[in-house]
Amino acid sequence: MASRPDLILASASPRRLALLNQIGIEPEHLVPAHVDETPEKGELPRKLAMRLADLKAHTAQQMARSAGFGNGALVLAADTVVAVGRRVLPKAETMDEAGQCLAMLSGRAHRVYTGVTLITPSGAKRQRLVETRIRFKRLSTRELEAYLASAEWRDKAGGYAIQGIAGAFVVKLSGSYSSVVGLPLMETASLLAGEGYPVHFNWLNQSSLSGV
Numbered sequence: 146m147a148s149r150p151d152l153i154l155a156s157a158s159p160r161r162l163a164l165l166n167q168i169g170i171e172p173e174h175l176v177p178a179h180v181d182e183t184p185e186k187g188e189l190p191r192k193l194a195m196r197l198a199d200l201k202a203h204t205a206q207q208m209a210r211s212a213g214f215g216n217g218a219l220v221l222a223a224d225t226v227v228a229v230g231r232r233v234l235p236k237a238e239t240m241d242e243a244g245q246c247l248a249m250l251s252g253r254a255h256r257v258y259t260g261v262t263l264i265t266p267s268g269a270k271r272q273r274l275v276e277t278r279i280r281f282k283r284l285s286t287r288e289l290e291a292y293l294a295s296a297e298w299r300d301k302a303g304g305y306a307i308q309g310i311a312g313a314f315v316v317k318l319s320g321s322y323s324s325v326v327g328l329p330l331m332e333t334a335s336l337l338a339g340e341g342y343p344v345h346f347n348w349l350n351q352s353s354l355s356g357v
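Numbering-wise (the numbering used here), the sequence shown opens with residue 146 and increments by one.
No lab work stands behind these hints: they were computed from the structure.
Quick reminder that beta carbons are idealized off the backbone N, C-alpha and C, glycines included.
Take these hints with a grain of salt, some might be off.
What the hints assert, rightly or not - Restraint-style ranges between C-beta atoms, simulated for each label pair:
1) Ser319 - Leu289: 21 to 29 Å
2) Asn216 - Lys282: 28 to 36 Å
3) Met240 - Gln308: 36 to 44 Å
4) Met331 - Asn216: 28 to 36 Å
5) Pro343 - Glu182: 29 to 37 Å
6) Leu175 - Ser267: 45 to 53 Å
7) Ser148 - Met240: 48 to 56 Å
8) Val315 - Pro159: 20 to 28 Å
9) Arg231 - Gly341: 36 to 44 Å
10) Glu242 - Gln308: 19 to 27 Å
11) Arg232 - Val315: 15 to 23 Å
12) Gly312 - Ser148: 37 to 45 Å
13) Gln272 - Ala296: 44 to 52 Å
14) Gly213 - Thr286: 48 to 56 Å
Turn these sequences into a full structure, and let the hints steer you where they fit.
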């Protein structure tokens, strides 16, 4: 097998790493890119997701090079934004903030946008934006209070984690489930494969190990 470039994941999110691992990809480096995620004045949710994914990728690339690695590497970054109409919901940091988000989502539809940016070894930039529509059931006071008590909402966009307890709130989902968790797998795999990254190589190994 020909040598391939290292892969840098510009995130410390265990969810994004687990999603990559799910399709047999293990980044050589994790370089969390902490950036200001405040929306610009009048910025639409989809534009915000793309801008932040781009900013995270370039920030991680600069950090890696400053640390003495990263030259010739692929850099992958993503950002997920939850929105009701044009309004971007925050990453909940307090119970009150989470409660406000969930009250707004209760019984109605919202959209989740995940922007993905891949910087290639040549410096080219590849991007994808994935939009997923979700409808929540109407939450009872008891359900809302119990969910807030779970603290699962902490640091989650829109105040919920679909892969956890909040999965019980979803009436309908149209789009990419993995995108809502934090990384759209089909689009990410396509971006990597398009740059010659051996996305499917480990699948063959896993198949032989499992006896399939």
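Taking the hints in turn, this is what the structure says about them:
no., hint, verdict
1, Ser319 - Leu289: 21 to 29 Å, "holds, 24 Å"
2, Asn216 - Lys282: 28 to 36 Å, "violated, 50 Å"
3, Met240 - Gln308: 36 to 44 Å, "violated, 20 Å"
4, Met331 - Asn216: 28 to 36 Å, "holds, 29 Å"
5, Pro343 - Glu182: 29 to 37 Å, "holds, 33 Å"
6, Leu175 - Ser267: 45 to 53 Å, "violated, 23 Å"
7, Ser148 - Met240: 48 to 56 Å, "holds, 49 Å"
8, Val315 - Pro159: 20 to 28 Å, "holds, 21 Å"
9, Arg231 - Gly341: 36 to 44 Å, "holds, 39 Å"
10, Glu242 - Gln308: 19 to 27 Å, "holds, 20 Å"
11, Arg232 - Val315: 15 to 23 Å, "holds, 20 Å"
12, Gly312 - Ser148: 37 to 45 Å, "holds, 41 Å"
13, Gln272 - Ala296: 44 to 52 Å, "violated, 33 Å"
14, Gly213 - Thr286: 48 to 56 Å, "holds, 54 Å"
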